[in-house]
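Given chain A, put chain B in place with the hints provided.
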Amino acid sequence: MSSAPANRDGTDLRARAIGQSTVRAEARRFVTGAGAYVDDLPAHRLLHAAFLRSPVAHGTIVKLDLAPALRMEGVVAAYDGEALAPHCQPVRGLLAHLADMQAALQWPLARDRVRWVGEPVALVIAESRALAEDAAQAIAFEWAELPPLVDPRLALEPDAPRLHAELDSNLMFAATVATANVEQAFAQAGTVVELAMRTERVTAMALEPRGLLAQWDAAQHRLTVHMGTQVPWMMQAVFAGVLGIGCDQVRVVAADTGGSFGSKIHCYGDESAVAVAAKRLGRPVRYVADRLEAFVSDVHARGHEAVVRAAVDADGRLTAFEVDDLCGAGPFSIYPRGSVNESRHVLGLTGACYRATEYRARIRVAMQTMAIYGQYRGVGHPLACLFTEAAVDAAARQLGIDPLAFRRRNLVPDDAYPHRAPSGARFERLSLCACLDELARLMGYDRLRADQRERAADHERGAHQGVYRGIGLAVFVENSNHSSANYGRGGAPIASRDGAMVRLTQGGGIQCAVGLTDSGQGVTTAMAQIAADAVGASIVDIRVFMGDTEHTPVSGGNWGSRGTGISGEALWQAGIALRAQLVAAAAALHACSPDALELVDGTFLRRDDRACVCTLQALADAIYFRPERFPRGFQPEPAAQRHYAQTEYDGIYTNGASASWVEVDTRTGFIKVLGHWIVDDCGTVINPLLLDEQLRGAAVQGIGQALFEGCLYGNQGELRNATLADYLVPMAAEMPDIHVGHVTTPTATSALGAKGGAEAGITGALASVVNAINDALAPLGAQVLELPVTPERVLRAIGAIHDPAP
Amino acid sequence: MESTTDIEFEVNGKRVRLAVSPREHLADVLRQRCGLTGTHLGCEHGVCGACTVRVDGAAIRGCLILAVQADGAQVRTIEGEGNDPVMQALQQAFIERNALQCGYCTPGFLLTAAELLELDPDPSRESIREYLSGNICRCTGYQAIVDAVELAARRLRGEAGTDASVP
Chain A
30 MSSAPANRDG TDLRARAIGQ STVRAEARRF VTGAGAYVDD LPAHRLLHAA FLRSPVAHGT
90 IVKLDLAPAL RMEGVVAAYD GEALAPHCQP VRGLLAHLAD MQAALQWPLA RDRVRWVGEP
150 VALVIAESRA LAEDAAQAIA FEWAELPPLV DPRLALEPDA PRLHAELDSN LMFAATVATA
210 NVEQAFAQAG TVVELAMRTE RVTAMALEPR GLLAQWDAAQ HRLTVHMGTQ VPWMMQAVFA
270 GVLGIGCDQV RVVAADTGGS FGSKIHCYGD ESAVAVAAKR LGRPVRYVAD RLEAFVSDVH
330 ARGHEAVVRA AVDADGRLTA FEVDDLCGAG PFSIYPRGSV NESRHVLGLT GACYRATEYR
390 ARIRVAMQTM AIYGQYRGVG HPLACLFTEA AVDAAARQLG IDPLAFRRRN LVPDDAYPHR
450 APSGARFERL SLCACLDELA RLMGYDRLRA DQRERAADHE RGAHQGVYRG IGLAVFVENS
510 NHSSANYGRG GAPIASRDGA MVRLTQGGGI QCAVGLTDSG QGVTTAMAQI AADAVGASIV
570 DIRVFMGDTE HTPVSGGNWG SRGTGISGEA LWQAGIALRA QLVAAAAALH ACSPDALELV
630 DGTFLRRDDR ACVCTLQALA DAIYFRPERF PRGFQPEPAA QRHYAQTEYD GIYTNGASAS
690 WVEVDTRTGF IKVLGHWIVD DCGTVINPLL LDEQLRGAAV QGIGQALFEG CLYGNQGELR
750 NATLADYLVP MAAEMPDIHV GHVTTPTATS ALGAKGGAEA GITGALASVV NAINDALAPL
810 GAQVLELPVT PERVLRAIGA IHDPAP
Chain B
342 MESTTDIEFE VNGKRVRLAV SPREHLADVL RQRCGLTGTH LGCEHGVCGA CTVRVDGAAI
402 RGCLILAVQA DGAQVRTIEG EGNDPVMQAL QQAFIERNAL QCGYCTPGFL LTAAELLELD
462 PDPSRESIRE YLSGNICRCT GYQAIVDAVE LAARRLRGEA GTDASVP
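Read top to bottom, the protein sequences are chains A and B.
Taking the numbering used here, I'd label the letters of the first sequence as residues 30 to 835.
Taking the numbering used here, I'd label the letters of the second sequence as residues 342 to 508.
With the rest of the complex left out, here is chain A:
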């Protein structure tokens, strides 16, 4: 464990640039239209890719003739799965440390069989995208349909057709956990609630679709890929594996990335195919998915069915939770992260914020013929929170206890850490109660309850007929600063140890290199703030370089709320080291003891009289141009590099609480979100301006999943709403102002103390919105347990419409 960052005179170094609402210098690039996303990058002799994708959910390839495409204008090459296979390696999205997980081999393009609508079947390379698309349509493709497997329950039936001949069932993964006395806890409970919940699949819908520009350098035998990605280092290993070449023969550069939210951290067959084609053709090839392709080929997430139960004793104390969860995860487990971590979070975290000591959980992940499944912001945390918090509210309602008071009575207290949940999840230090208290203050809980009571009285008097208001609370945990427990130990090439390099430039500035990417989080600015304080330089003199495997140290990348906590700590340590080296150099230059000097804002000061000895600029000048000015034999060292991995916990959990205030019109089923609040504890806050809007953005995505978003599949496995006109995401007019508060509990596993803040906003949002709706509907004795809570579902819940769902 490292000591807290403090100067020798005891002043907290974090009090300077860290914690300031510094605006992003790079923002000016984006407001002037000068961003450079992958589709904007110039390339000499560029070729363009287009794909033929499967129009059916399940079928055998009967005929696939590329000749008509190859005869088309501007076409340079075309490949199907068989043509590409000799030049690439398949992947298998297996995490080796998970017992009972199985996954099939996946080739970049389908071979023999297609298994979801949108699976890439053939690739055409042409002189323009339009010509490539024309040619892709000319490919003669015939198939024989096989029965689609849509319902994960049916896919797991013993007599269900097997999706992969090499596997003995369609079960991708199953796991259970149970404490010794769970049966007894439910048997002896004064109150037991049971909810059958269902969530529709959603997709991240980053506004910039996935894309890459791949180039092969035959002279160096080297692939360079520019792409929108969160994980350049992981993608280096992925492309190396697919091409069967060494990691060091691949360079991955993260272009400006137009949102990602977990969608751009995977090995996609279409991207692999483009890399292979670029190597074969020796010319740069670009592919950017269009929106329709994005809907059917980006990973989907969060489609679960779960039965959740909670037991409460006679004193109103939660004693046990139980969850039985089923998820349909598409035909392949996405490489290299696998498609099962969402369910693993449900297993690990349902009920985990509460004192209940007994727990039982079962998770099952089925393979089926729907789009491939993977990580989306928050992964399984929002689901664990939804299942838990819906059950907690249902219990409080049944007992007639105010849901805020019920939570205060049952949450794990803030002085009980480190804490191990009944599932085995370990929490370093949480502030659940403090966050809930701050939330209640921020939202004016009592005032809103009073408003709700007035409304009820109005109803008695005949006013506001049919319009009900409700308050929903949710308490959550969210993992960050991961160890290798999720991926590295399972064999996935995703680093847990990040590096950072810091050096004094010849101009007297500080240049930093970290292996992260910035897809809008503002981590470039956060890193500059960290470096400024660590080194003792002014933030305007800091330059941060990221996202290029050629010029940065290794990093696991920017996902799972890990970037600032892990790379930031490496940068902090590198900066501290450089500061000491520079002070030693300045002391040598000015013939004094290093202990007599300190470096503040780019100036070396004498500790005794605070007199300026020299500046970073002057020191750089001496180091690089006037080495004779140093004492004989003294070699100043103007660069430092450090690495950091968090190894004490599987992850450092952040926590928080959120609340929603909604109005439900029972005449139309429409729901209006009147207010939303989040209190988050992500440890040391680097930049409140950036963090707060990230929390709001994440909350809006969560509200979207709660109310609007869902990938709607027909019973033939066809995605029925693969356009932005039909897949509804939140727009400005539907969203309320969102109020943000903070509690700060730095992690003791790093000197910086930062945990992650990228996912907290979404984690509580689903639950607080759903709880608010059900609070509003409580006077009608109705509840909605399916997401998204559409007007139709509201009207069904209150019995206004009865006919079977179409």
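These are computed hints drawn from the structure, not numbers from a lab.
One thing to keep in mind: the hints can contain errors.
Said to hold, decoys possible - Computed list of lysine to aspartate or glutamate pairs in EDC-like fashion (alpha-carbon distance at most 16 Å, straight line):
1) B:355 - B:397
2) A:701 - B:420
3) B:355 - B:461
4) A:92 - A:111
5) A:701 - B:467
6) A:92 - A:141
Claimed, not checked - Derived list of chain A stretches under chain B, where covered just means 3 residues or more per stretch with a C-beta under 8 Å from a C-beta of chain B:
7) 51-63
8) 549-556
A quick note: this is a predicted structure, and the numbers were derived from the prediction, not measured.
Just so it is clear, CB atoms sit at the ideal spot from N, CA and C, and this is done for glycine as well.
Quick look at chain B alone, frame taken from chain A:
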């Protein structure tokens, strides 16, 4: 070879003559033929607003108008708005209020917001939200965008206490 049609239009104040394919939409032509990559494509079916450009003054979807339809028109993209005082105020406010994250939607939001402020120099938060409801931002919570448009409007009205605080 595909047949082409000659068009002549004004892009950011400059006359441009091009032979375009009848199927090319304006956003593709601006991006691929004029090098104006600040116009982004998010859906190409008119929903997301990332490709918003101004054609004869109106903020429209660059993906829903064919390039041949822009023959004779005046087209302005984000790259051509650098000297416009309304746009400058908006850009500055967007930076200060962190009204963008990945930046992909940002040019579309700015051009739409500029049209709003030209029509209504003092919009309420509600009407800002309504006016911007044809543009998707998947990163922010929209709140910072609304804040920024409000701030820019106040500055353009010359209200006190709204001086730019950062470069």
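Hint check results:
Annotation: proposed proximity of residue 355 of chain B to residue 397 of chain B holds, straight-line Cα distance about 14 Å (limit 16 Å). With a C-alpha separation of about 38 Å, the suggested pairing of residue 701 of chain A with residue 420 of chain B is violated against the 16 Å cut-off. With a C-alpha separation of about 28 Å, the suggested pairing of residue 355 of chain B with residue 461 of chain B is violated against the 16 Å cut-off. Restraint check: the Cα-Cα separation between residue 92 of chain A and residue 111 of chain A comes to about 12 Å, which is no more than 16 Å; the hinted pair holds.
The hinted pair formed by residue 701 of chain A and residue 467 of chain B meets the criterion: a straight-line CA distance of about 14 Å does not exceed 16 Å. Straight-line distance between C-alpha atoms of residue 92 of chain A and residue 141 of chain A comes to about 10 Å, which keeps the hinted pair within the 16 Å bound. With a cut-off of 8 Å between beta carbons, the region 51-63 of chain A has 10 residues touching chain B; three or more are needed, and the interface restraint holds. Counting residues of the region 549-556 of chain A whose beta carbon lies closer than 8 Å to any beta carbon of chain B gives 3, which reaches the threshold of three, so the coverage claim holds.
Checked against the numbered hints above, the structure violates hints 2 and 3; every other hint is satisfied.
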